[in-house]
Structures are given as structure tokens and as C-alpha cells.
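Protein chains in written order, with our numbering: chain H, 1 to 425; chain S, 1 to 408; chain A, 1 to 316.
Errors might be hidden in some of the hints.
Keeping only pairs whose Cα atoms sit at most 30 Å apart, straight-line, the calculated DSS-like set for lysine-lysine is [what the hints assert, rightly or not]: (1) S/LYS247 to A/LYS261; (2) A/LYS261 to S/LYS214; (3) S/LYS173 to A/LYS261.
Don't read these hints as lab results, they were simulated from the structure.
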Amino acid sequence: MSATQTMSTVPTSSLARTFLPWLLAALLVAVMPQIFGSGFAISLLCRMAIAAVFALSFNMLMGQGGMMDFGHAVYLGLGGFLAMHAMRAANAGWWIPTPALPLVGAFGGVVMAAVGGLVVARSTRTAFAMITMGLAEAIVALVLMLPRLFGGEEGINADRSGGPAVFGWDFGSPIEAYYVVSSWALLAALLMFLFTRTPLGRLSNAVRDNAERVGFLGYDPARVRYLIYIFSGLFAGLAGGLQAINDEIITAANIGSNAAGAVLLMTFIGGTGTFIGPVIGAVLVTLMQMALGTVTDAWQIYNGLIFVIMVLWAPGGISGIILAHAPLVRNGRGRLLLPSYLRTLPGFVLAIAGTVGLCEMAYRLQSIRGGGPRGGNILFLPADPETVAPWVVAAVMTTVGIWLLAVTAPPARGAWMHASGGTQA
Amino acid sequence: MRFVTRAAAAVAVLISTAVSVHADEVIRVGLIDPMSGAFAVAGRLGEQHFRFAIEKANAGPLAGTGKKLELVVLDNEVSPEKSLTVLRKAIDDGVRYVTQGNGSSVAFALSDAIAKHNKREPNRSVLYLNYAAVDPSLTNDKCNWWHFRFDADSDMKMHALTDYLVSQKDVHKAYVFNMDYSFGVAVERGAMSMLKDRRPDLQVVGNERIPMGKVKDFTPYIAKFQAAGADAVVTGNWGPDLSLLVKAATDTGYKGRFFTYYLGSRDVVAEIGMAGKGAAIVAVFYDNIDNPVLKEWASEFEKRYDNTFGSWTAMTSMMMLGQAIKQAGTSDPLAVGKAMSTMTWESPAGAVSVRADNHQVLQPLFIAALDTGTPHVFPDVPLGFRGIGRIDGKDTAMPTTCKFPNAP
Amino acid sequence: MMDQLLLILLNGLVYGLLLFMLSSGLTLIVGMMGVLNFAHASFYMLGAYIAYTLSTTMNFWVALVVAPLIVGVLGAIVEQYGLRAVHKHGHLAELLFTFGLAMIIGEVVQLIWGRMPVPYRVPPSLDFPLFSIGGTAYPAYRMFMVGVSLFMFVVLYAALARTRLGLVVRAALTHPDMVSMLGHNVPRVFTLVFGGGCALAGLAGVIAGNAYQTDPGMALALGAIVFAVVVMGGLGSISGALFASIIIGLVQTVSIGLDMKLHAALGKIGLHVDPAGLFSDVWDISINRAAPVVPFLLLVIILAVNPKGLAGSRSS
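Isolated chain H, as found in the complex (with noise of 0.2 Å):
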């Protein structure tokens, strides 16, 4: 689709198929409740959704516009402290509704990204990592420093269902607040579509392709980067808005740098090459974060293992995984794969259960050390980590599994090679 060409001049199938998979996501969205209804089911999903929309802004700085900005979650905390704000105001009487809320943080990322814009937008990309890492630290600084604003440890929390009630309802309810949350979610993500398609949004591309030559063209490449900057400032604040409609409380953590390694860590997972990429992270991240750490205590080596093997082996993330497939399952040569990729099967499972099986021991040594229970299974598997069979047993297990790995990789990968016509995605 050519930036310049209208929406009339799209044939009406086309426009069906862009916008039929947004319908099904708000059918989703409107259904989800009733099928995962309990309240931590209902939680859950907002915070996919707020992670879902920050995904998404970092990404358009991050895989649309090549900038790569450690100090993004500053937007999302600072336009939540404001939406936090907005909400005492509205505890103390004035008309400010809820649903309101995300659009006061949204205000607030915008005019804090077009003040930190005018830092960065000039900076080329390492420098831009390092510049947006050390305005982030001095930012999460500041904030502890001015108590009045910002709460000092204890952040600043209100009550979401203490404004005026709008329709009868008074948000206060977690059903009530997961339809405020996710219905923004739905309309931030679809802005965020549009702009893609937008002049600007492309211009956003070009600039992180090639900015001399864009420069040659015509156009300020950090001018460009600047505008990118502040409507990726705009998105992170609403998120920023949303948290504080479903936490009701915002804190000096929400800026630091424990939430810009998290959306780091999703956009990369999920694949900064598409649009989606970024909600699937967002999805499958939270997912890990608070769901896995109630079953395992090892998440966080799965965190950092998931992240480095990705890197090396899947930089395209989970999203360009399925672009490499895709077409080939579409035109039917799918199956010309299945072979081989069948093969590295064996592999796949002893090597991920060798080191799940190593990890979840080396965490429960760790917890009977510091006190723990002892016995109990590791996992379904009756294993005394305090005994060298089982550690034999993963260890093996792991080895033959990566040595299985690198056997039947190769085959594989020149199966898809094949099957793609020789042509790389």
C-alpha cells in the first residue's frame, strides 16, 4: 500500500482483510470475561493490555523507527503520575471521570517526550541508547527527590471509583475497570495501526533504513526522529493512564529501570518486524512474569535463557518466526518442511527438559539452603537435588538433546531454505 493512496481507492477486500483480525480483537476483548472469570484472570488480562499498548509505542521508536530508548517506562510512569493526580482531583470533588483518565496520561507523555525529545532526537543510535539510559536514571533520581509530587517510596495512589459515576457505573469493580482498560487498549493499538500507515509513519521507516539518504530527500531526519519520539511519549503516557485506572497507585518503580528492561524484553520476544510482534511479547511475557512465578521459583533463568537464545538463534523474534512460515504454509509447500523439522523434535524436548530439569533443581537447592522444605517433586518427578543421579540424568539429557540440536538443525534450515525458493524472508 502506497503511503499517498487513499482509503476509497483500496479495493473493498483488501480494507475487509486489515481491518476483519480488529473486529475479532474487540469480540475478544468484549467475551474474554466470560470465559476467564475470575478476578486474577480479569487482572491479568489488563496488565496484557497496558503492557500490550507500551509494547507497542516502544516499538515505534524501537522496530519502525530504529531508535533504541532505554528510558521509555519515564513516559509511562510520568503520564500515570498525572492521571494519578487527575484521579485525587476527582476524589476531591472535581468532574474528572474515570474513563478520562488514560487521556490525562496520554497529556502527560506527550508534553514530557516533546521537553526529553529535544535532548535525544539529535543523537545517533549509541549514543541514543546511552543518552535515554542516563535521562532515565536521572529521572527516576528526580523523582524520588520531590516527595510532594511524587510520593517519595510510597507513590501517589487514589481511588478510581471515588469520581463521578458515568452510565451507572462507578468503576470499581475489577469487570468495570477491565472494560475501561481494554477498550483503550483496543483504540491506542488501533491509532497505532493508522499511524504506521501514515506519511510520517513511513518517513519513521525510512529514517531507520537509511537517514542520509532521507536527508537527501528533503526531510530532517531528527526532525522526523523528534515527532516520532513525541507520539511514542503520547502512547506510553496513556498506557501510563491505564495502569493508574488498574493498579490505583503509581510509584517511583513504575519509571525504573526494572520496567524498561520488561518492555525491552517483550517488543524483542514478540518480534519488533511487525505490528504485532510487540502484543504477542506483551501477552506471553505477563504471562511469565505473573503467572510462571507462582509455579517456579527458576523464572527468572527461563527470563534471561529465553532472551540470549532468541538473540542468537531468533532475532526476528516469535513474530518473524511465523513470517518465515507463513507464506509457505500458505502456498501449500508447508509440508516439504515437516520432514526435517519433525527431526529436530527429539532434540527440542531432551534439551528443554534436561535444563528446565537442571534449573528447577539448581532453584530448589537453593530454597533448601536458605531454609526451604526438602522433598517434594521437582516438577511431576520424584528427584532429591541434594542426590548426583538426577544432575547426571539432566546433564545427559541436555547434552544429547544440543548435540541431537545441532545434527538436525542444518537439514532443516536448508529444508526452508529450499522450500522457500532459495530466498531468504
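Fit chains S and A to the given chain H structure using the hints.
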């Protein structure tokens, strides 16, 4: 995939246990504390103490009632927002009693969230038993009927500490030294106001705050203490900000005495080593209180968990919860809360009672100093605490501004 | 007052030289390979922990020599089998790889040595007061730290300036392709530089871990500030790194020791502001709270003014 199968297995086990042990009603207590990350040590220590305490409570006040407590551990990584998420999950899993202690910022968030939740979903109300977060606001201007605090708050501790300091005739100049955040500021405020005009020959010669966890080398501060002629340092510091401070004092030969809140944990003592001799704490418990039940519990704990028994408030909270459940005859948090508001437990360390006006627990406060030659010593360093002062529970009460906004 | 100032300056020097050891390796790595090595502080942490184990099973002097070597070898392995594979995916992928590596090293350290700080102590042979400043004894070990750092600077500078290998390294800093075409094994040089940088970080860990505290959070505490130093000193410049580290070390240590509100400090230099006025929250900031911000503010200002850094040879 693994998560689903694991969760399914867990559910199956739960159902089977519920079915088989039909006699006892299981009341789940959720411990929300850091179990991973930088503060995991504190959280894990709490977990050990709560397991131990719940066992004693089930065998003690709850014996024969057909009810028993069960611990559910929830990792919050000292993050207020993660705490809210695990709280949600716990409520869904049927947990109606929640306990937490590490981090006043988490405590504020939890108290607020629980108050809102109880208002919005009164038939799934939750009681919050705070075992270690000592910012005074939680039982004053930010008090909440569903919150009970089992540790003496920082003002109560400072009151006991300053009373002791004033009684020490060889102390003339005190230096107040704290971490620059809400808790440290509360300690400083308390120290300054409670040391003023107590004795004509006792004055505060310095008052300073340091950024939390940032100072690597405390020698300049020791130099300041020395320059001011301070023979006592009053500090609420904890963790590295305490151990590095005391180490620096010994490295430089400073002779002043340290009066602290948090010297008593095993890892701090191990880090300080012999440098800690003579340093004092104010606390609701120390390892050499002369009582046979306490000694028995301490040795049983040490044998089982290879760790020093010290988190007394875990024991008091669970024992009093058991007692309140027995008295109320039900596990419903509203009834139990009402019973707990006026409850007293005759503990081996002294009488422990709840104030009905702000849900702050009153119990004996001790001043103790690290010394050699005590009956019990820490395993890594041959030092133990020797009691040098004691205040009765009722004398620890401080005036309160609490007017419960949500008393049922 | 003067005594305290002297103590603070000495501490600032010690801290600054420690930062130098950490940043010297990083500045070469970033300058030459363009890799923002997020795992650099993790190697520092590894050095401290390995030294702890070695010094308790054998002695400190063995640890002083062996631990940096072990860390250096680990670094070389990471570079050869990890970074090199990622190199073809671009700078961003390399950065992310080191990011994930930092996460993994952090977890593995806790798995092996536990979550509590470990009692890594100064060796008794160095644990005595060297001199006295106004009644406060200054430990000899601090001077030992200064000595080791300066010695490393001299060795590094001499190696880069006088040896043939140093010549190749310096050339590869600015013209890697040309150096490769001249027949030198540039990938091997990269591995050497990365391993050497990690070894330096490990050495910093060995001598700092027992003076300060060895715990799982030590990598995070220093990670960001080392980047600030590297940027300020200019990518690839050893003397720039020394200069910047000492400045930042002094500024940090001095400002942390100043428990003074901003308006009081400004008043002392003649700028009077109204502490109760509109920006009261800002004027009420105490300097020691603000101290951590300073290096990052400097970083931001420098990069904003000159996106190429101070004395750098490469910009991207």
C-alpha cells in the same frame, strides 16, 4: 503448557487433600513478601518463621477447634504493584488473611488496596496482619480497621530507646544518623523530639541523612561523629547501610556506642563480625530472653531451619490469629477482626495486647547489646545479645491520631 | 572540617580509580567493537565472588592473580561463541545479547553463592591503619586499591602505546577493515580485547569486593554509572576514562557527604533563592539525595551537546 499441567496437578492435589481431610477446616494465610530478588533473604526468613509459628498455633490455640491455618507463600519482590497482583490471586484462591512486613511502601499499598477491596466486595473481605512494617502512619493518619500491626512502630521503639539513652549517665553527646526515606525520616523525627530537653548534660550534636544504599564508605561520617565529640550514634539504618557503618567505625577506631533498630538479624551480625561488640538494639525480641519456652522454641527452630529464631512478630501474629478464630468461633474475617481488636495473649516474653483504637499491638520492648559470653551466640560470630533494659507493653503506648474511616 | 574534606577526597580518589578499572575495559570494548556491553558490571561481580571463594579456600594473593584470569577467560569464551554469532544480526542484537547475559550471570551467581552478601574480607596482612587524619585512622587497604589501579593504568597505557599488539589494537579501534586487510587477525584481536576488558572488570571486583560489600546487587549498583564514565571520557580512550572516572568519583563522593539543602549550597556561592517560594520542592532537595543524578546529568548534557561524546573516535 507446563504451567497448565502443573496448575492442574496442584488443583488435583488440593481437591484430594480437601476431600480426605474433611474434619479440619483449612484457613489459608497468605505471606506477601520478597521471595526472589535482592530482598529474598528477608522474605525467606519470614517464611521459615511463619511455617514454624503456624505449626505452633495449630497445636496451641486452635487445637481441638476443627480448624487449622495453612501458609501460602506469595512473592512480591518488594514491589507495591506486584503485591496487588498476588493479592488478587490470593483472594481468588480463597485466602482471607494476609500478612506482610518487608517495606513500608508495600504496606501502604496493601492497606489501601485491602480497604478498597473490602468496601467493594464485603463478602470476600480480607484481614491484613502487618508483622514488620513500622512506619507510624499506618496506625495513625492512614489507619485502616482491617489492618493490625504486630511490631512496635518506629516512634514506640524510639521512645524506649531514648528513655534508655537518657538513663545512661556516661552518654553526653548523641548523633542522629538515618537513611533518607519515609522510615528513616520517621526515626529521625522521633529521635530529635524525644531527646530534646531530657537531661541538661545530654544533647544532640549532629543530625544527618544518607541516600539509601548508596554510600560505600562511611569513614567520613565517622570522622564527623568524632569531630562533634559524639559518644552515641542513634540510627534506624538496616542492611549494608548498617553493617558498613559499624565496620567503618571499627576500622577507624571510633569508640562511640551504636543504638540501632536492626542490628539483630543474623546476616548483619555475620557481616559486621566482632566489630559489632557493644552495639545495641531496641526490639520486641532478642535471642537471650530468659524463658524456658522461648529457649525451647529457639533451639527447635535452629535445628529445623539452620537459622536463628528472631522474627517474634510472626509468632505473635499467628498465635493471636489462632486465638481470635477460636474466640469468634468462625473463620470469617469480620468476626475474627472484632475479636482481635480487644485480644490479649500471655506470651512467654510478656503480655501482648491489641489496642482497639488503632489496632497497634502493645508488648514488652527490650534494649539489648551484643556481647561475648552470652548463653546463646550467633553461629558465625561468637556474639550474642545481652538484655540491658525492658519496658512493659502498656508503657510503650503512644498517642494516636487514628479515627477509623471504615470501621464496620 | 579540613580533615573530613581530606578523607572525602581520598575516598573519592579510591572510588574513582575503581571506576577507572571498570570503565577502561568497557571503553575499549565499546570503542572498538561498538558493543554496549551490559554484562560488564556482571563480570565485575563474578570477579568479586570468585575471589571470595579462592581467598577462603586458598589465600587472597592467589585470588588476586587467578580470579581476573578466570573472568577474562570466561569473557573470551562469551565473545568467541556468543557475541561473534550475534554480530551478523547487528549492534542492537549484540546489545540485547549482553543484556540477557547480565540477567543470566546475575541468577547463576545467586544459585552458586546464595542471595545473601558473602563475608569476603580484607586479608589480615593488609588490614591495618596506615596513617591518621585528625584522629580517624585510614585503612592501608584503601591505599593498596589505589596502588593496584594506578599500576593497571600504567601497564595498560604502556601496552597500548609501546607494544606491537597495542598498536594493532589502537589501529583496529578506528580502522578495523584496513587492519584486517593488512593481514592481522582482527577477530582474534576482538576476543583479546573483550577478554582483557572483562579481566580488568574482574580485577576491580577482586579488590573492591572485600572493601565494600559482595552481594548479588553489586552489578546493578555500578552498571549505569560506568556507562556515564565511558561516554564522558570518550569511547576508546584510556586516559579519557581515567580522567572521567576520577572526576565522577570525586564529585559523587563529595556530594554524597554533603547533607545540605540546595538553597543553602547556592547561598554559599552567592546565589540567593527563596526556599519557600514556587520551586520550594526543588530548593529543598538535599545535595546528597541529588548526588546520584549528577553523573547522568553530565552524560545527558555532553551527549546532547556533542552526540559524538567527549574525546571519542567513533560515533555509532
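Hint check:
1. Restraint check for S/LYS247 and A/LYS261: satisfied, since their Cα atoms lie roughly 28 Å apart, inside the 30 Å limit.
2. A hinted pair counts as satisfied when its Cα atoms are at most 30 Å apart, and A/LYS261 with S/LYS214 qualifies at roughly 18 Å.
3. For the suggested pair S/LYS173 and A/LYS261, the alpha carbons sit about 24 Å apart, so the restraint of at most 30 Å is met.
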